[in-house]
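Number of protein chains: 2
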Amino acid sequence: MVVATQSLEELCINSIRFLAIDAVEKANSGHPGLPMGAAPMAFVLWDRFMRFNPKNPKWLNRDRFVLSAGHGCMLQYALMYLTGYDSVPLEEIKQFRQLGSKTPGHPENFLTEGVEVTTGPLGQGIANGVGIAMAEAHLAAMFNKPDCQIIDHYTYVILGDGCNMEGISGEACSLGGHLGLGKLIALYDDNHISIDGHTEIAFTEDVNKRFEAYGWHVQHVENGNSDLEGIAKAIEAAKAVTDKPSLIKVTTTIGYGSPNKANTHGVHGAALGGDEVQATRKELGWEYPEFEVPQDALNHFRKAVERGAQSEKEWNDLFNQYKSKYPEDAALLERMMSGKLPEGWEKALPVYTPESKKDATRNQSGATLNALAEVLPELFGGSADLAPSNKTYLKSSKDFQKGQYDQRNIRFGVREHGMGAICNAIALHGSGLIPYGATFLVFTDYMRNAIRLSALSEAGVIWVMTHDSVALGEDGPTHQPVEHIATLRAIPDLIVYRPADGNETSGAYKVAVEKRHQPTLLALSRQGLPNLEGSSIENAAKGAYILQDSQGTPELILIGTGSETHLCVEAAKQLGNKVRVVSMPSWEMFEEQDEAYRESVLPKAVTNRLAVEAGTSFGWGRYAANSISIDTFGTSAPGGLALEKFGFTVDNVVAKAKALLG
Amino acid sequence: MVVATQSLEELCINSIRFLAIDAVEKANSGHPGLPMGAAPMAFVLWDRFMRFNPKNPKWLNRDRFVLSAGHGCMLQYALMYLTGYDSVPLEEIKQFRQLGSKTPGHPENFLTEGVEVTTGPLGQGIANGVGIAMAEAHLAAMFNKPDCQIIDHYTYVILGDGCNMEGISGEACSLGGHLGLGKLIALYDDNHISIDGHTEIAFTEDVNKRFEAYGWHVQHVENGNSDLEGIAKAIEAAKAVTDKPSLIKVTTTIGYGSPNKANTHGVHGAALGGDEVQATRKELGWEYPEFEVPQDALNHFRKAVERGAQSEKEWNDLFNQYKSKYPEDAALLERMMSGKLPEGWEKALPVYTPESKKDATRNQSGATLNALAEVLPELFGGSADLAPSNKTYLKSSKDFQKGQYDQRNIRFGVREHGMGAICNAIALHGSGLIPYGATFLVFTDYMRNAIRLSALSEAGVIWVMTHDSVALGEDGPTHQPVEHIATLRAIPDLIVYRPADGNETSGAYKVAVEKRHQPTLLALSRQGLPNLEGSSIENAAKGAYILQDSQGTPELILIGTGSETHLCVEAAKQLGNKVRVVSMPSWEMFEEQDEAYRESVLPKAVTNRLAVEAGTSFGWGRYAANSISIDTFGTSAPGGLALEKFGFTVDNVVAKAKALLG
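Same order as they appear, the protein sequences are chains A and B. The working numbering puts the first residue of the first sequence at 195, with every later residue one more than the last. The working numbering puts the first residue of the second sequence at 195, with every later residue one more than the last.
Among the hints, erroneous ones may be present.
Since copy identity is lost for identical chains, a pair holds within one copy or between any two.
[What the hints assert, rightly or not] Cut-off 30 Å, straight-line C-alpha distance, at most; resulting in silico cross-link-like pairs (DSS-like, lysine-lysine):
1. Lys220 to Lys839
2. Lys592 to Lys704
3. Lys552 to Lys220
4. Lys249 to Lys507
5. Lys220 to Lys551
6. Lys534 to Lys551
7. Lys589 to Lys852
8. Lys427 to Lys288
9. Lys839 to Lys288
10. Lys709 to Lys839
11. Lys249 to Lys517
12. Lys252 to Lys852
13. Lys427 to Lys403
None of these hints come from the bench; they were simulated from the model. All of these numbers come straight from a predicted model, not from anything done at the bench.
The task is simple: from the sequences and hints, build the whole structure.
Okay, structure coming up:
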């Protein structure tokens, strides 16, 4: 097939396609099929609708773009290069998927400026989109004034069949529909091919009808390969619907233009191969050598720079008006955008003494959240339908709902994984919001990938996980975490805290709030615990500290975490003055301390150590040769009896310690 | 309100309600609300429809009942006691949620005979229901004859709002609709209350419309509190639809009968309290003391025993006919039901020599699965849309699809969590099927809870997880597992294998197939690996063994797993004869060996050890003080370069070993 002279739009679209084809070919690795099929919708979106400034990817009021089908990242890199992002020059396109490049195999926000979130694990991106739209709605309600709509951007998502099959997308989109997020517009690349083949082998549901059931506005563009006006009209119609999120199903051909591989799963995740690249060039009438973009197309794309500068300038003018009219609000927003916390915020953290009421750390967490809400207007979060158990409700606020987006309590519903991705997105919105998400610790299993992505993508989320051991009692082994604390400690860059009392809970929040580019997970007790002599916010923030010391070099160090720390303290009283008790609420923060401090707490020479933690022994080898642990599943029984059954009593700690003291 | 003399049906329904009320009250813990509201539908289902034999809960062709809303387990225990299950006498009802009872806080199949699956984590049960219905459809297609429908049972599920909010239910139900599982009937207890309050705060989607979009037959019983005929008619209509699963939305009042707590979240998860129990007795005209069931009601319920015996007898007669007409099929089914493997099956396991082709363990896994398929007709599974990458497709069979349920390749779609629960249910169907489910190792994060439940509920699933390290290369850190092997080892009762070569892969399958009540997870390489001198199926089955020994007591033990084992072997060659190389594909199986064997492989006295594994060091403290590990996220680069960057080269192993040898 010989193509006549191409229109400018065709040139632009084919420029995207061939950058993707050539980059995947050079890497001999990657996913050309999606960029080739989705190039038309992406071009229309970026060219006619998206408001962004390539030269300032951090401009607050930019429209957000999320490629939920992250494997198609060459689509995004091509658009970023073409529209003039400095982070993706042509050289980086040529280094696609190579060590040290800015163009990794899936979009990584922490590596490539202008990429909003990290996608690839399917469904995360569309759930992130819901979270970004929630952040926008919340900020708009917090800051906008009738005469100054300073927060006013859209969130656009491209997602694929795989995203729509994943449960996480259903969770988030159901919530998005409930919340009526009118500025969320998702383009569903309906190419009916996944890795196993045609979607007819596993995925024959009516996606649009499902989204209608969620309360979304839905449309269908039947010819997404060339009906640019149809795509544009659909996006316009979606923008016109302000009380519902929009799904635009755009039917496309995966690998469009490849004469032998289009519409097959062979083009999903592998380079086309030299012959097929040539055949595709011929099919699409593309005479340019590899990586070359026709000047007309590049000139057209690069108008985004000027357009973006103009958009940002207009917004800056508006924001200047806002500053003069509403200086207090403006100051708050500027502080939030800067990533700075208000001076003295940490004074709000509750402080306890041994005389303070014995209480569950989940309750102390609730008190802390409520205290922080007063000084940190950026705090915004909630629970996956366990607010009364997780103690996460902010009493000074109401529910974040349609018509009251200024409120701060998010009702996530029983949707842990969706919650996870939403919290990540709120953090990565970059506007200073501090998200928190809560469930039972055992149900981190439902949201592991989102927690992992919070760490990978440097999202400063606070994960509030209560009911942190068999001590939760009667709900039994399905609800009792055993291995969970260990498995969370194993995630790189995630800070895990298991506080022993009120001060340590406050200390954990001190770290969590300060770490704006690293997530912190709190494991909290259901049951009441005494407030310990010697605990403090400062000590807890160090991760581990001497709670009660021996006279001279200790003959044994008892290391406790969370609800077992007080057992160590009581045991030590019976063991005389040879024993040191170390409270170790956070391995990660302890490992951040300098060598001298670490040696002062856990001297290398003292190898006689006993860790006491109501969870698996797995991993404790790093700090203690011996432990009182649970290496089996739990049991349904009242919490006290469950603890006793597994050896979490003062008597047992004393007995084990005596055996080690010889 | 004074109630006139109750009908027998009302007596029966109130018997369920008050057993639940009284048991929760005595335990002062539990969830009375669901049993009180769902008692009518459960009564109609168990009384008029369910075919089961309380005296033989293992009867193969029984209808299966799954309480997906597992927190409402007193509903199930009450029904089991009332219909005459020996596993739940009244004494056990009185011991609800107590240490050592058969009536734990959520249903546990491994503890209470007659409970089919372990539920509680929301959404698992309905996904299990899809899996049970798939098992039934598959067995029916394998074994039924036009004149002998020996496999012919329904799967009934009661699920709640929480189940419907969870992504896992969406995944499984979309697949169930695709597969047209006509004998799956789900009753949705639409009580519009969850823990946080009324579902209107987070869950306002149109559930029935969503299920219609999945391809389900849907109905709505508007008055589930008293319209018993309406419930019965809906179940009849559902049974009449044979090509689609059915959802019956039954609108109920949570805590029905409690004058002050019905229709509030206060009745969801806490005892009513003495006064409210009294008020409820009054409201419902219930004059019986606690735990007392009126004789008329008990007599009526206990007819299930005779009915069940008759049903089973009829089936036995049918099966006797089947045996005489189709002796070979019958022999196979009897073997499968017995849980025995065919004699000599293990001879099908491929054996390799060092001369065998260098290959990826994922390929060797694929060869093993295909070889096993020839001798194990009970093998039944597939991949979550990664069959070409996971190498799980059985070439001797086609896709398990509507109209060809006899085929063995399940196309799960991109639905890892749903796949997990489905595989668990296929194992727990109790008919001898051996399920396997596959995805990339990193995406175990999407299905952690289902993997955990396979271990807890003693489901002999084979989890096939490929692309097991940064060596997968260009897909980058979102796809590269780092902490995953450790976090899976931390799950109690899960056997994890990371084989080094072909023989070890076969050895892993030997264990996995033999362990019919324990799951095994295989972590497999994407990249090619040499077949090692000294590896064997028998050695691998021991979990760890000496692959290459030192002369005399080793001065250093190198411990390798999976794709790093051959690095240890090559390094040892350079290090002279002071070094022992231990291959350790499975910690768990090694820990099952006797003390003498373990000491022979890893002598306590030899503490100078270096573990080499392309994953986190977390947990290795148990076996080796030193390790070459990855404690950060991975990187997008060709696999070889990624391995090199993180130190997985022979040179680096040699260097580290030399440092340790001093």
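Of the numbered hints stated earlier in the document, which are not met by this structure? 6, 7, 8, 12
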